[in-house]
Amino acid sequence: MGSKNLRIAACHPTGHVVLPPGKIRVMAEWVRGRDVVSEFLVQNPHLAQWMESLRGYCETNKQWRARQEFILRNMETFPSIIPGVYSPSLDQLLSLSMVWANHVFLGCRYPPGLMQKVLEMAEGIVIQEVPVRQMRDEIMGKGKRSNPSGRETDSSTKKLKAGGNEAESNSGVRAVGRAGGAVPSKTGPPPQAAAEQQPFFNRLYKSVAWKLVSAGGFGPNLDHFDILRACVEASKASLICVFVPLRDIPDLPAGCAQREGQVCELRCRTVYMGTGYGRDEDSARAMASKEALKVFQGRKVTVRICRRRFQGRDVEDLVLQDEQARSSALPPALSYPFPPEQPVTPPP
Amino acid sequence: MGVPAFFRWLSRKYSSIIVHCLEEKAKECNGVRVPIDTSKPNPNEVEFDNLYLDMNGIIHPCTHPEDKPAPKNEDEMMVAIFEYIDRLFNIVRPRRVLYMAIDGVAPRAKMNQQRSRRFRASKEGVELAEEKQRVREEVIRRGGYLPPEEIKERFDSNCITPGTEFMDNLAKCLRYYVADRLSNDPGWRNITVILSDASVPGEGEHKIMDYIRRQRAQPNHDPNTHHCLCGADADLIMLGLATHEPNFTIIREEFKPNKPRPCGLCGQLGHEIKDCEGMAREKRGEHDQFADSAPTAEQEFIFIRLSVLREYLERELTMASLPFPFDFERSVDDWVFMCFFVGNDFLPHLPSLEIREGAIDRLVNIYKDVVHKTGGYLTESGFVNLERVELIMQAVGVAEDNIFKKRKEDEESFKRRMKEKKKRMKAEQRPSFLLGGQFAPQALGGRDRPQPVHNARHAAFDMRMNSRDQQNRDAAQSLKAMMRNGNSSQTPTGSSDGLDGRGVKRKAEDSDSEPEPEDNVRLWEEGWKQRYYKTKFDVDVTDETFRRKVVKSYVEGLCWVLRYYYQGCASWKWYFPFHYAPFASDFKDIKGMFKEFEKGTKPFKPLEQLMGVFPAASGNFLPETWRALMTDPDSSIIDFYPDDFAIDLNGKKYAWQGVALLPFVDERRLRAALERVYPDLAPEEVKRNSLGSDVLFVGKSHPLCDFIQELYKSGTGEGTEMPPELCHGIQGTLNLDEEPILPDKPVESPVPLLRDLVQNQAIGIKFKDPHYQEDFVFKAVILPGAKIPSKVLKPGDWERSNQGPFKPQLGFNPNRQQAHLDQSAFRALGHSMNRDRQRGGHYSNAPPPGNYHQGNYHPPHGGPMPMYPHPRQHVGLLGAPPPPFNVQPYPRQPYGHQGWNRAMQGQGGAYQQNQQRGRGGPSGYHPRHDRGDPRGPAQGYSSGRSYPLPPPPARRYNWN
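Same order as they appear, the protein sequences are chains A and B.
Using full-length UniProt numbering, read the first sequence as starting at 1 and increasing by one per residue.
Using full-length UniProt numbering, read the second sequence as starting at 1 and increasing by one per residue.
A couple of the hints might just be wrong.
[Stated by the list, open to error] With a Cα cut of at most 30 angstroms, we get these calculated DSS-like pairs of lysine-lysine: (1) A/K62 x B/K132; (2) A/K206 x B/K123; (3) A/K206 x B/K480; (4) B/K480 x A/K62; (5) B/K132 x A/K206.
[What the hints assert, rightly or not] Over the 10 angstroms line for every Cβ pair with chain A, so calculated as not near, a few chain B residues: (6) E23; (7) G31; (8) F166; (9) P577; (10) T631; (11) F776; (12) L793; (13) N815.
Everything labelled a hint here was simulated from the structure, so no lab data went into it.
Even for Gly, the Cβ is constructed at its ideal location relative to N, Cα and C.
Use the sequences and the hints to build the structure in full.
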């Protein structure tokens, strides 16, 4: 079956080789561990030599195999690459492949947009035993700041773990990037997500509490959004605001007469924090922030999985609550960060 | 060399190599500073010919000092650099050449280190700024006071890299500085200055070495030139040894560990930024008059005498019963080579060789064995005999297993000891509660006897009341604070239970078990090799080809480094493409692993190198389109610039000791990407990107000046050979400068703080080191005609030679006279010490310094004698440290030592100094307390004889 698939990877009319990514993915799952790349190169000997010239001197076989796969898979998106000729687009592909390899094997981190891009490009490449690297912050954090967030910040390896399910990690194989072969296809957050998120929100709680103390306590005259954002960013995460015009919301409570204005929903690391309404986006956001900060007024915050409405159906959502759970009055969700076919992945 | 421990090890083991510098300080008279006349003899009793400055060692501390507030702007930095050079010049006082070398573009092999340093520096800088901001906010919120934030940009030390505007500006400033000093400073009048700025490729110290090497190889070189090289890097010692010049001295700042640093926020000493509380500044002195004075002593300098190091090495390396005559020079080269195993800037050090664990001694022992066995040395003039190196490596490899085990044991026992020490310290701490007032505990046998307790009941009542009041005050304060902060129920004080575990964790940390970095390699356990390759290189130990590849690269590296030190850069392209070294035991069959380096490689251009070593955060030093290559996700070299990177502690404790796992730069892709943005360079940038040339400056009174002026007049002086007889045998090629500094042409000051130089007397011209064939081999030998300086160390057979007690040499001059108190000082001493204490007191046993008695035992001469045996025996005037009182006056040796004073013959100034000195010292004063010591007068007499320095009679009679 594997070889049959490989034969599909024939020459493109313009002379370059196309390796259909979809097929490869299927195959990668199927053969699992068999060396797809070398098989492919055996059948395309004219490419083998050229590929070998792209190898870095210090690359190990394992690293090179993975990077080769990355290059071959993505070659079709750079149609101007001609094997055997150095060109800017080839260099760009090589560069992206190095970004990915550096991330996976050395533990380097790049700007979020770039990371997202290469992880998407690498979708489905399977690497056995990804090395564990310690980021600089983690080391520094230990000595200088008593900031326990270092541990939880999504380092490459942590993320890799989140990507694979138990079966995979048992067999010592991890899918790199999002969506390997075997992924739970259940809708909503995975059951362990709430527990996973809890430590982060404990820290956030702490930082919010301090911030409020310094701002003179919780009250109506604060810039709630600013405080919340600063705290979230101080905890090395980002606040995601979703705006929806009020009239576009289907599940409005019956008693609501207003039809104009904006509604804002705040999430942090996919966890819902609050919803607010206002005449414009800014005031909606401020209101949502105020609501979110109210949650922090209790003695602690908890991440829970709650049922709530989203686009007319009931879904399970991750919600931040104080200790008295009042799940009854949750406003309908404006966004839903858990696509049905993917597990929870913190944004890279 | 990237081995901070190396210098410490060296200076402990071979302690006599260090001589403290004597520095003449500028005097102030009515608020006017009197400049020091550096044309006077050197107070260190030695005359240096050439002074070489590795400028980067000066630029860094001057631009971002660690022990004082940073200069406010670039101009202040420049002035600080000028002052630093002045200071060095005053100490060293070169008589022939001053060579200033700024790091230019470095070979590729160095680039990885530079890259990792700059990536780290950039991250650390941002972190520091963030922390400052955070603490500042906090302090101000708590009502503390902080001086207002200075309006200045954070100085990015990364700009000290060739190709930046800063470096360009620095070169301009240094030209001005040189012209100014040549015109105005008498000490500079006759020297030749060579300035090699950042546009000339090569690291600073290696440009200096190249200069020395190329001068040595030409026939006019004076083999007895005394070199003095300034810089703190340990590899300067290696480089100095590699020259095989007999007179080579290194000057560096004295290393003082644990110097207090001022807090970055409030500028006060005693705490770090994170502990800053914004307290009011303490007054310094009664009227705060010491506010600006540095709290610590000014950094002092030390000399490192390589001739003494050579003596030590000769003792250590000399091998008896060799089948061939022992050649010390060759074995020095081998020693230098072996030091590279322990660490250098270009290769990671072998895991089993750690300098603190006596790795060099181990290597030397193995080395002697190998030389015996194979009948030859490891290296010759910078070329390596790999067969013999393999034997050394195999010998280390055999011990490797045990080394790792021993290391672990030592670590464990160290930890245990520290733990016990901590426990002890804790036990010794005072109890947390102490009674005060009349109940306070009192030392036994103290001055005031313990008093009986009066009115105990009342005292107890007072104490009770006091503590209650205190509690009330505390409560009131906390209540106030609560009210200020509004609703206090939300403060997290009450809610920390189980939420973050921070309180609990802190406790665990305190209980003396610091979190250890986990070590997956566990070199001390069976299977370490496999684990090492697996975790560090991500390969299985069975992957023989990969392991061979690493070993091959390392072998190439060793060859490259040695060649770099002895012959110059063999290949600008070569680099070690891994983050870790292999094991010594992996060096098998390495004989054929290295043949020759690629010929004709070219260094990077300055801006290209910037692209290679800078993180994206330092992109502001680059033109815009170039900068975009570092940040644009579609850039074809975006992978060189990660935002964040992993650090492998590799068994170390701190992040800065670890290995930064940065990707290597693909030169082909870098060049291809840059090709497209080259057209975007502005003319100014094109100029900065070009390779420059060394510039030679002389003053008007220098014999070379007229010659150069002729060249400029005729305008045809392209590639003129420099006449060696005009300038102490220095050779080189001169080329006309496009924007020359010419006599009587004013030099504009690039620093607003300093005035333009209107009456310029200096002339500048491009200078090129003498050229040699490409396959020319610089011989690593002592030149014929070189005189080896006389021995300093105590000969091993001294006791048998019956020459009396050995007299150690403290400075450069074996006949140095000890500094001493003059008679008024002794009078003062005698006055303030009461008689009955004299016997048991500190000073009673000290024989008086001998030469005080010369007046008593020697009939006074008619006047000062015109011919002194040695012009520079008297140090006292120039601030020599007073000797301990119990120093024995050593029998003086005849003045046969002429090593240092060649350049001194014509200096008349010394005599005057001596005369003054002579008047002050001797007298008829006879301290009381030496009467009981029969040796005193006798020694005084004998030393008086060897120094027939008569006091002027008039004075003497006045005193008596």
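Do the hints match the structure? See the list:
A distance of roughly 44 angstroms separates the Cα atoms of A/K62 and B/K132; the hinted pair therefore is violated under the 30 angstroms criterion. At roughly 26 angstroms between alpha-carbon atoms, A/K206 and B/K123 fall within 30 angstroms of each other, so this suggested pair holds. Of the pairs offered as hints, the one joining A/K206 and B/K480 holds, with about 23 angstroms between alpha carbons and a cut-off of 30 angstroms not exceeded. Simply put, B/K480 and A/K62 have alpha-carbon atoms about 65 angstroms apart, too far for the 30 angstroms limit, and the pair is violated.
At most 30 angstroms may separate the alpha-carbon atoms for a hinted pair to count; B/K132 and A/K206 meet this at roughly 21 angstroms. With a least beta-carbon separation of about 38 angstroms from chain A, B/E23 lies farther than 10 angstroms from that chain, consistent with its non-interface assignment. B/G31, annotated as away from the interface, keeps every beta carbon of chain A farther than 10 angstroms; the closest lies near 46 angstroms. The non-interface label for B/F166 is consistent with chain A: the shortest C-beta to C-beta separation is roughly 26 angstroms, beyond 10 angstroms.
Not every beta carbon of chain A lies more than 10 angstroms from that of B/P577, the smallest distance being close to 4 angstroms; the non-interface claim is violated. Remark: the non-interface label on B/T631 conflicts with the geometry, its nearest Cβ contact in chain A lying 8 angstroms away (cut-off 10 angstroms). Once the 10 angstroms rule is applied to beta carbons, B/F776 is consistent with being away from chain A; the minimum gap is 31 angstroms. Separation of B/L793 from chain A is adequate, the least Cβ-Cβ distance of about 43 angstroms exceeding the 10 angstroms criterion.
For B/N815, the condition that its CB be more than 10 angstroms from all CB atoms of chain A holds, with the nearest at approximately 53 angstroms.
The structure fails to meet hints 1, 4, 9, 10 from the earlier list, while all remaining hints are met.
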